[in-house]
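> Residues per chain, in single letters:
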Amino acid sequence: MNCAEASCYQIQVRKLRRAFGKTEAVRGIDLDICAGEIFAFLGPNGAGKTTSINMLTGLLRPDDGLILYQGQPFLSSNHAVRRRIGVVPQHNNLDRELTAAENLLIHGRLFNMGGPNLQTRITSCLELAGLSDKRNTPVNHLSGGMKRKLVIARALLHEPAILFLDEPTAGLDPHSRRKIWAFLRRINQDQGCTLFLTTHYIEEAEQLAGRVAFIDQGQVIARGTPTELMEKTGHFVLDIYQRDDMINEFFTDRSAALARLKQLDTSVRIREITLEDVFLQLTGKRIDP
Amino acid sequence: MLHGASAIYLREILILRRKLVKTLLASAVSPALFLLAFGFGVGRAATVDGQGYLSFLLPGLLTMASMNQSYAIATEINISRFYFKVFEEYLIAPFGRWQIVLGEMAYGITRGLLPVGIIAFYSVLCGVKLHFGGGFALALLLHLAIFSLLGVLAAMIVRSHADQATVNAFLITPMMFLSGTFFPTEQMPWAIKAVASLFPLTYSTRLIRSTLLNSQETALWLYPLLAAMVALLFWLCCWVVARVEA
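Line order of the protein sequences matches chains R and F. Numbering-wise, our numbering puts 77 at position 77 of the first sequence, and it's gapless, one number per residue. Count along the second sequence from 1, add 289, and you get the number used in our numbering.
By construction, these hints were calculated from the structure, which means they are not laboratory data. C-beta atoms are modelled at their ideal positions from N, C-alpha and C, and glycine is treated no differently. If a hint is listed, it holds; no wrong ones were tucked in.
Residues from chain F that face chain R, not an exhaustive set, calculated with beta carbons under 8 Å:
| id | residue |
| --- | --- |
| 1 | Ala296 |
| 2 | Leu299 |
| 3 | Leu303 |
| 4 | Arg307 |
| 5 | Val375 |
| 6 | Glu377 |
| 7 | Leu380 |
| 8 | Ile381 |
| 9 | Ala382 |
| 10 | Phe384 |
| 11 | Glu534 |
Calculated lysine to aspartate or glutamate pairs in the EDC-like style (CA-CA distance at most 20 Å, straight line):
| id | chain 1 | residue 1 | chain 2 | residue 2 |
| --- | --- | --- | --- | --- |
| 12 | F | Lys308 | R | Glu97 |
| 13 | F | Lys311 | R | Glu97 |
| 14 | F | Lys311 | R | Asp95 |
| 15 | F | Lys374 | R | Asp95 |
| 16 | R | Lys22 | F | Glu534 |
| 17 | F | Lys374 | R | Glu97 |
Simulated coverage check for chain R against chain F, where a stretch passes if three residues somewhere in it have a Cβ under 8 Å from a Cβ of chain F:
| id | stretch |
| --- | --- |
| 18 | 54-66 |
| 19 | 91-104 |
I would like the entire structure built from these sequences, with the hints used as guidance.
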């Protein structure tokens, strides 16, 4: 997908690079993120997702490359651009000794908010996250899912135009994960906030993202809508179980898949294609082994 | 303009408020033990420059205890940086990173003030008269600023909690004992004197002691010296913090 006009690009990234010693974590990635979309950066652990997001949010300095926010270069001294960004890191970096409201208060003050406006925003963000009744509860006493929602609510407090989420549901149980997904959809739809998320959960990208980029070994290897990416590979998959292994064959229509299935005398399963299959086809390995 | 520094200070104070009793008790115990061991143990009958040893020791205990409290922010920053990652909130926020240094320094100074009342109370119990005047307040402020900034610097340079303990073992503990806090440096071997002359605590202890004892021989040149140390350390901290990554 391309934005209709250049001015609607929320982020443009060109040839972004970062190495740690001799290890090249990110090797020249290009990205274009449009305003209001949900974009997922999908790849296995160690692919370069967190390094990329850290460079996009100012937590790491790129070795090379260009980051533009609505056409403006992203520099550490550009506080106006920083104010437009909300960050949900991989870990719940909350002050455990402080209450939910105090955590939001400190964040608001860090972003130069104050007075009645800050109090109103704290109340509405806690409400949005469904944590109004936990306002004065120390973070230590919140569940994992609640802490995650609080971190997201905190990132939204200063009303950012774009929200970065690094593995937003990692470590959560399936029920909490679905609640977070619904929460994120609401943020995107009701507040028009652009979401940039990294994940290694296929289902998360399929459920949430309008567009996806696969990253592997520090490089973007494919991008597009989930449907586009899957259609390039096929619509149906045969999982063919062999003695110690399983191989996949891809088909554009069901009848071709069924015809092939009849030829096989081993254990076979027919199913619809997923993004995991696309990644497997491109790299020869699974995202979440 | 100082929203970053004030937010960081507020955060630290909110946390300190929750552990104030524990922190106060910790500030009280260590000087009390040193007072018992040195003041009433080995130094009961001793005199220094014609004054009772307790008059010499109590200002030293004040500088030591307040230094420990100010420098203790290093451990807190270290934990927030490497374990809880709260420090990342400061790094992404829209303000110059020098405000991180300013906010943490202000907090370190606040923490360093906690033992002052305790030592004042001990001095009353010991019958030693200390003079808490303007000269002392200025000297204490500079002393606390130096050790808060050293705390920030150490927390930024080390890469783990274990490294932090190493810095404490090789720098803070020797400084505590060799800077004229418990014994006059003049009576120490020349090699120890040379080492002591490198420690900022040597100079702040000397100045604070002379103001607290209302000495006629207060070395006024120590004020600009300590102020220069504060300026140098502040600049160094800003330089290091500007280069910190997550």
